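A.B. asks: Below, each chain spelled out in residue letters.
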Amino acid sequence: MPNTTHNIHWRRRAKNYLALGIITSAALIVTIPLFLILGTVVQHGLSGLNLAFFTQTPKPVGEPGGGMSNAIVGSLMILGLASLIGVPLGIGAGIYLAEYGRNRYGNLVRFTADVLNGVPSIVIGITAYALVVAVQGHFSGFAGSIALGIMMIPIVSRTTEEVLLLVPQSIREAALGLGISRWRTILSVILPSARAGVVTGVMLAFARIAGETAPLLFTALGNQFWTVKMNQPMPALPLQIFAYAISAFEDWHRQAWTGALVLISMIMLATVAFRFATSRGIKETS
Amino acid sequence: MPAFHQNKVSDTAPSEPPSETPSVAISSSAGENHTYALSSVVKQKFRTGHRGYADATFRWLAITCGLAILAIVGLILFELITQSHLSLQKFGFKFLAKSIWDPNADDFGALPFIYGTLVSSFLGLLIAVPLSVGTALFLTEICPRRIRAVLSLCVELLAAIPSVIYGLWGIFVLVPFLRQHLEPFLQNYFQWTGLFNGPKIGFGMLAAGIIIAIMILPIISSISREVIVAVPRQQREAALAMGATKWEMLRMAVLRNARPGIFGAIILGLGRAFGETMAVTMVIGNRPEIARSLFAPGDTLASSIANQFNEATTPLYQHALVEMGLVLFVLTLLVNALAGLLVWSITRGQPARGLA
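In the order they appear, the protein sequences are chains A and B.
The first sequence lines up with residues 3 to 288 when you count with my numbering.
The second sequence lines up with residues 729 to 1084 when you count with my numbering.
Hints listed in this document are in silico derivations from the structure and should not be mistaken for laboratory results.
Given the structure is predicted, the values throughout are model-derived calculations rather than measurements.
Worth double-checking, as some hints may not be accurate.
Label pairs and their in silico Cβ distance ranges [to be verified]:
| hint | chain 1 | residue 1 | chain 2 | residue 2 | range |
| --- | --- | --- | --- | --- | --- |
| 1 | B | Pro927 | A | Arg13 | 19 to 25 angstroms |
| 2 | B | Asn916 | A | Pro62 | 42 to 48 angstroms |
| 3 | A | Pro62 | B | Arg987 | 34 to 40 angstroms |
| 4 | B | Arg987 | A | Gly23 | 20 to 26 angstroms |
| 5 | A | Gly82 | B | Gly802 | 26 to 32 angstroms |
| 6 | B | Lys818 | A | Asn109 | 37 to 43 angstroms |
| 7 | B | Arg987 | A | Val137 | 45 to 51 angstroms |
| 8 | A | Leu30 | B | Arg987 | 23 to 29 angstroms |
| 9 | B | Leu983 | A | Asn233 | 22 to 28 angstroms |
| 10 | A | Trp12 | B | Arg874 | 30 to 36 angstroms |
| 11 | B | Val1058 | A | Arg15 | 28 to 34 angstroms |
| 12 | B | Arg984 | A | Ser267 | 40 to 46 angstroms |
Using N, Cα and C, we set each Cβ at its ideal position, and we do this for glycine too.
One chain only, chain A, in its complex shape (with noise of 0.2 angstroms):
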C-alpha cells in the first residue's frame, strides 16, 4: 500500500516492519527442519545403497553387508493388503456421506470418521493386536494390514465425499433425467468424473500409512527372514528402520538410513504425484 505508509507515527510503522519480519522468518524458518532431514537423509543414506540393499537379507550381527529386501517386500505386501481393506470400505463410506449422508445419520459418521482419524496409531495397534494377534496366538503381517488398512479409512472417505460433492449438480440430473438408475449414475458418472480426486485421496492415506512404525510393533512385528506369508511375522521397512535406529552397531546405522531414503522416496514420490494429480483433479471437476 503506497500510499498508507506517508503519515504514519513512526512507532507504527517500526512496529509494523518488525511484526511483518519476524511473521516472515517464522515461514523461512520452518522450512529450516525440512531440509536438515532430507539433506542428512540423503548423506548418510546414499553411502549404503547399492543392488545388495534390494537384493539381499539382513546379515548375522557383526557381518557386514546384506539389505532389506525382505522388509521391502513386506511393506509393499503389508500396504497392498491394507489398501484392499481400506480403500473400498473409505471410497464406500465416501459415497454414502456424499450422496446418502447429507443428514443426522451421515453427520454422525462424518464426526466418528474425524474421531477415527485422531486416534493415535498405536492405540489402532493395540486393537489389531487384540482382534487377531491375540486371537490367532501368533504375530502375523495380516494383522498389520489390518491396522493399516483401519487407518486410511477415514482419509480416503473424507477425500472421496469432498471431491464427490464437487461434481456439479447437474451432472446427476442429466443422468438421472436419462432414466439411468441412480447406482449407475453414481459408479458411471458421478465416481469417474471425480476419479482424479478420488486417486489422490487413496495416494494420501497410503503415503501416510506407509511410513507408519508402531502400529505394526506389535502386529506384524517384523523379522529378519525371506518371508511371503502373511499368517506369519513379516518385516517391514519401518521396522527395520527402527530396529536398527536403536541397536548399537555402526553398520546397522549406515543400513537404518539407506532404508529412510528408499521409504522417504517412496512416500515423496506418491506425494508429490498426489500434488500433480489435485491439481488437475480440481480443473477438471470444477
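Guided by the hints, dock chain B onto chain A, whose structure is given.
C.D. replies: Relative to the frame of chain A, chain B by itself:
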C-alpha cells in the same frame, strides 16, 4: 419418504406408488422442485422391476461402509476396555494418580506417563505455535504468489516424513546437537529457572518437545491457513481503509476473526502431539520419572506402550499398558472433538482439508 429426504436429487423409494411421485416432488424442499419432478417422471416411465432393488442394494452397501466406521471406533473402544479390565478393576482411578511403575511387583500407575505426555506435548506446542501461525499468515497474506506454492509444498513434505525417520534423525543429529550446543547454552544462562538442571545427555524431554514441535508444525499451519483464508475480504479492506498498517490489519481484522479457528488448529495439533509414538520413543530416554528439569529423560503414554508391550510378561502388566492406551484414546477424543468444534465454527462445515 425415507429418512434421507434432504438429498437434493432424492431417490424415490421403490415402494412408493408411481402416481404419487409428482405431488411429493412439489411439496419437497424449495429450489429443486422442477428437477426432482422431472427425474421422478422419467423414473416412473422407465422403471423396470429390478432397478428398485439394485438401487436399494447399492444404497445399503454404501450405508454399510459408513456404518463400518462407526463399528470400528466402537470396536476400538470395546477392545481397549476388555483388554484392560484387570488393571481397571485392580487400580481403579488410582491408576491415573500413582507414580509407581513396577512390573516385577505387578504395581502400576500411569502418572509419570501422563505427565510426560502433557509436558512434551505442551513444550512442542510452545515451539510450534508461533512458527506455524506465522507461516500460515505469511503464506496467506504476505507471500508472493510464486514462492507460495514452493513454501506450502515444503510444509506439506514435512508432514509426509514418517515418524520413524524423525526418530532416526533425532537420535543421530538432534540429540548430539542438544548435548554439545543447546543444552550447555541453556544451562549457562537459564539454570536459575530450574528447568535446565542435571546432566546434559541430549535424550530427554527437551529433545522430545523439539521433535514433536517439528512434527505438528504442518497440521497447525495448514488448518490455520484455511481458517485465515475463510476470514471475509471485506474485514481486511475495512481495516486498511481505516488507515491501518498491514500488521494492524492482520492483528485486528484477520487474527481476531480467525482466533477460535486458530485455537482449534492448535488443539488439533495437541491431539497429534499426544499420539506421537515412534520419534518420541527414540529420543525421550524412556524413564518413567517426573522431573522438573527438561534435560531429564521421561516417558509418554504412547512411547511406553510401544516400548513395553511386547515385553509385558504378566496379564496385569499388559492390561495396564492397554489401559494407558485407553487413557490416550480418551485424551485425544476430547481434544479432537473440541478442536473440530472450533474449526467448524469458523469454516462452517466445509471439511477441513488439513485433517487428512
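A.B. asks: Look at each hint and say if it fits the structure.
C.D. replies: These are the hints, each one checked on the structure:
no., hint, result
1, B:Pro927 to A:Arg13: 19 to 25 angstroms, "46 angstroms, violated"
2, B:Asn916 to A:Pro62: 42 to 48 angstroms, "46 angstroms, holds"
3, A:Pro62 to B:Arg987: 34 to 40 angstroms, "58 angstroms, violated"
4, B:Arg987 to A:Gly23: 20 to 26 angstroms, "23 angstroms, holds"
5, A:Gly82 to B:Gly802: 26 to 32 angstroms, "27 angstroms, holds"
6, B:Lys818 to A:Asn109: 37 to 43 angstroms, "39 angstroms, holds"
7, B:Arg987 to A:Val137: 45 to 51 angstroms, "48 angstroms, holds"
8, A:Leu30 to B:Arg987: 23 to 29 angstroms, "25 angstroms, holds"
9, B:Leu983 to A:Asn233: 22 to 28 angstroms, "55 angstroms, violated"
10, A:Trp12 to B:Arg874: 30 to 36 angstroms, "32 angstroms, holds"
11, B:Val1058 to A:Arg15: 28 to 34 angstroms, "50 angstroms, violated"
12, B:Arg984 to A:Ser267: 40 to 46 angstroms, "43 angstroms, holds"
Checked against the numbered hints given earlier, the structure breaks hints 1, 3, 9 and 11 and satisfies all the rest.
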